[in-house]
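Taken in order, these protein sequences are the chains called A and B. If you're matching positions, the first sequence starts at 201 in the working numbering and goes up one per residue. If you're matching positions, the second sequence starts at 201 in the working numbering and goes up one per residue.
Since the hints were derived computationally from the structure, they do not count as laboratory data. Here a beta-carbon is modelled for each residue, glycine too, at the ideal position from N, C-alpha and C. It cannot be assumed that every hint is accurate.
Part of the chain B face toward chain A, derived, beta carbon under 7 Å [what the hints assert, rightly or not]:
1. M212
2. R213
3. F314
4. S317
5. E325
6. T345
7. M350
8. D354
9. P379
The list that follows gives simulated cross-link-like pairs (lysine to aspartate or glutamate, DMTMM-like), each with its CA atoms no further than 20 Å apart [stated by the list, open to error]:
10. A:K234 with B:D459
11. B:K234 with A:D228
12. A:K234 with A:E220
13. B:K234 with B:E220
14. A:K234 with A:E275
15. B:K234 with B:D354
Protein chains: 2
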Amino acid sequence: MSQAKPPFALPMRTLRTVGELRAALAPDRRAGLKIGLVPTMGALHEGHLSLIRRARRQCDRVVVSLFVNPAQFNERSDLEHYPRREQHDTDLAATAGADLLFVPSVEEVYPAGFATSVEVLGVTERLEGAARGSAHFRGVTTVVTKLLGMALPDIAYFGQKDAQQVVVIRHLVRDLNLPVQIETCPTVREPDGLAMSSRNALLTPDERARALALYGALSAAAEHAWSGERSAEALLDTARAAMAPFAVEPEYLALVDPDTLEPVTRLDESALLAVAAHVGAIRLIDNITIHATVPSSRGESHRSTNATGLDGNCGVTDPQIPTSHILRQAISSKEPATCSA
Amino acid sequence: MSQAKPPFALPMRTLRTVGELRAALAPDRRAGLKIGLVPTMGALHEGHLSLIRRARRQCDRVVVSLFVNPAQFNERSDLEHYPRREQHDTDLAATAGADLLFVPSVEEVYPAGFATSVEVLGVTERLEGAARGSAHFRGVTTVVTKLLGMALPDIAYFGQKDAQQVVVIRHLVRDLNLPVQIETCPTVREPDGLAMSSRNALLTPDERARALALYGALSAAAEHAWSGERSAEALLDTARAAMAPFAVEPEYLALVDPDTLEPVTRLDESALLAVAAHVGAIRLIDNITIHATVPSSRGESHRSTNATGLDGNCGVTDPQIPTSHILRQAISSKEPATCSA
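Just chain A, with the same shape it has in the complex (with noise of 0.2 Å):
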């Protein structure tokens, strides 16, 4: 749960424009508080609250930001069918202890005119960089550049989920002297494993049951790499193997260098297992950090300077995923102390 707002706190406010945004924020900074910004696309579920929780705990300010950002979107069809439930957004980002929704129109983010790009190379270029091609992080890190300007915060949150995206983003800030601590959060899933993704709500309940392929896959993969495997070749076939009853073809399986993405060919301390796949007409992407060894505790903490910290999990129990005792409770035993509490 998260923690309380302050008593002082004044209801949560819906703001448009980078103005309003900016006249809200300026006595705030001013007096010194602290200001969190969790840039989302809306369509908010639990993966989002543990942001906006996070940053309740860590900031004097909360913004959370709603824009679905078209330059990002490579495919017409998923830009358009992306959901939008402004209400509801509103609903639990209050709830979840927001002071400023920001929700600015397509124009006011990419007015007449409109003219600039950012871009990281290299780290962008592979998984879903590769799959979805340049444009896609070029919308990304130009958005979050743009975001980062109009509040100002002192950290801004993102998803575990996106792996390749916190990677960039770090890459982005470190490149440009942004003044920003970027804090990531761990991926929440289902009860079955299912990492939680705004698009989850498209699927059909049949692609649904199938969507499991993908933690299935990393599961089976990290399971195997605990047993003492460290080909990445033998832990990437595991994990297609594992995905092959579900009748869903990976776009990209690949393991990983957690920093630079670039293909590892044996597990040696850990890596990132990153998983793309079209379940019917959705396409869903997951993640997981594979270590060499198994996690032993709790008292692991959470890591909030690089992109490797290992996913958290709100608990897996769905028998069809191959998922032991031991990988359940290591990946699940990450959520509660970090993000969710």
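Starting from the structure of chain A, add chain B where the hints point.
Same frame as chain A, now just chain B:
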């Protein structure tokens, strides 16, 4: 003359890392002091000093950065020969009123793994962008975004000598919602009209004389406009004819809209006349805003909200330049009232 620093001011300090700069400015920012940044590539001249003096008048803390940015040089020899005079710059910046001189190394600005760029399309594709290639302005916009992130100034100062750069940076700041105000100061000229430039020091005596071709072209066209000529082609012919006696060929010579930088065919209210030319091995640029009507008095205030301010001038005395009294007065009337007082 610059306004004296406040009596409590400390001697200017030279800082070399982003960490030092941020640490030095953090208490000032917390105290609500207004911070001004004058980004330069060093080899300071009166043009830079007018920016520093202006910052001194408008801000509580004045930061001057001194960084020869390799990313914006499209010719290796230009980068290699660009004048570097840190001790000279230190003395001048301190005298003009700087509090902090920020002199980062190339490695500090572009550490290993740097992979990000900021690009403004459209206005970067003309004039200098067309002549020098897209990497030039990409280098400018990337380093300016970084410098703004490093220093987080309230106001950043740029010279109208680089008119297109000012247009590009205003576009950048607007498009990325960077929280800074951009101020421009008029071009400062030598007594004979040559626009001050760090590269002037590289001219031989013969080239120095021929370099007057640029200002000669601009002032001849301005006079022609004030005599009633409205045709861009006629004005450009006049400008080209004025360059011929100096045996200097323009790389470009263009009458453009001051905001979009697109060529105009007729002079309506005002337009930017911009020229670039090699004089020997040295590439020089200059520009002037041409008005359809002769500016009437000193009362016309300096424009700080767009790039169309009339160039200032410290006095045009060289009889070789076909500059009428009214032109000299109109141009020079801007300078003392705005940036050099």
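Hint check results:
Restraint check, M212 of chain B versus chain A: the minimum CB separation of about 22 Å is more than 7 Å; hint violated. Violation of the interface hint for R213 of chain B is found here, the shortest Cβ-Cβ separation to chain A being roughly 20 Å, above the 7 Å cut-off. About 5 Å separates the beta-carbon of F314 of chain B from the nearest beta-carbon of chain A, less than 7 Å, and the hint is met. Given the 7 Å rule on beta carbons, the hint for S317 of chain B holds: about 5 Å separates it from the nearest Cβ of chain A.
Interface hint status for E325 of chain B: violated, as the beta-carbon distance to the closest one in chain A is roughly 10 Å, over 7 Å. A cut of 7 Å between beta carbons decides the hint on T345 of chain B: the least distance to chain A is about 5 Å, and the hint holds. The criterion of a C-beta within 7 Å of any C-beta in chain A is met by M350 of chain B, whose closest approach is roughly 5 Å, and the hint holds. Taking 7 Å as the C-beta cut-off, the interface hint given for D354 of chain B is violated, the closest approach to chain A being about 12 Å.
The interface hint given for P379 of chain B holds, since its Cβ lies 6 Å from the closest Cβ of chain A, which is under the 7 Å cut-off. Simply put, K234 of chain A and D459 of chain B have alpha-carbon atoms about 38 Å apart, too far for the 20 Å limit, and the pair is violated. A threshold of 20 Å between alpha carbons decides the hint, and for K234 of chain B with D228 of chain A the separation of about 17 Å falls inside it, so the pair holds. Simply put, K234 of chain A and E220 of chain A have alpha-carbon atoms about 18 Å apart, close enough for the 20 Å limit, and the pair holds.
Among the hinted pairs, K234 of chain B with E220 of chain B is consistent with the structure: their alpha-carbon atoms are about 18 Å apart, no more than 20 Å. A threshold of 20 Å between alpha carbons decides the hint, and for K234 of chain A with E275 of chain A the separation of about 37 Å lies outside it, so the pair is violated. Between K234 of chain B and D354 of chain B, the direct Cα distance comes to roughly 6 Å. Compliance with the 20 Å bound is thereby established for this hinted pair.
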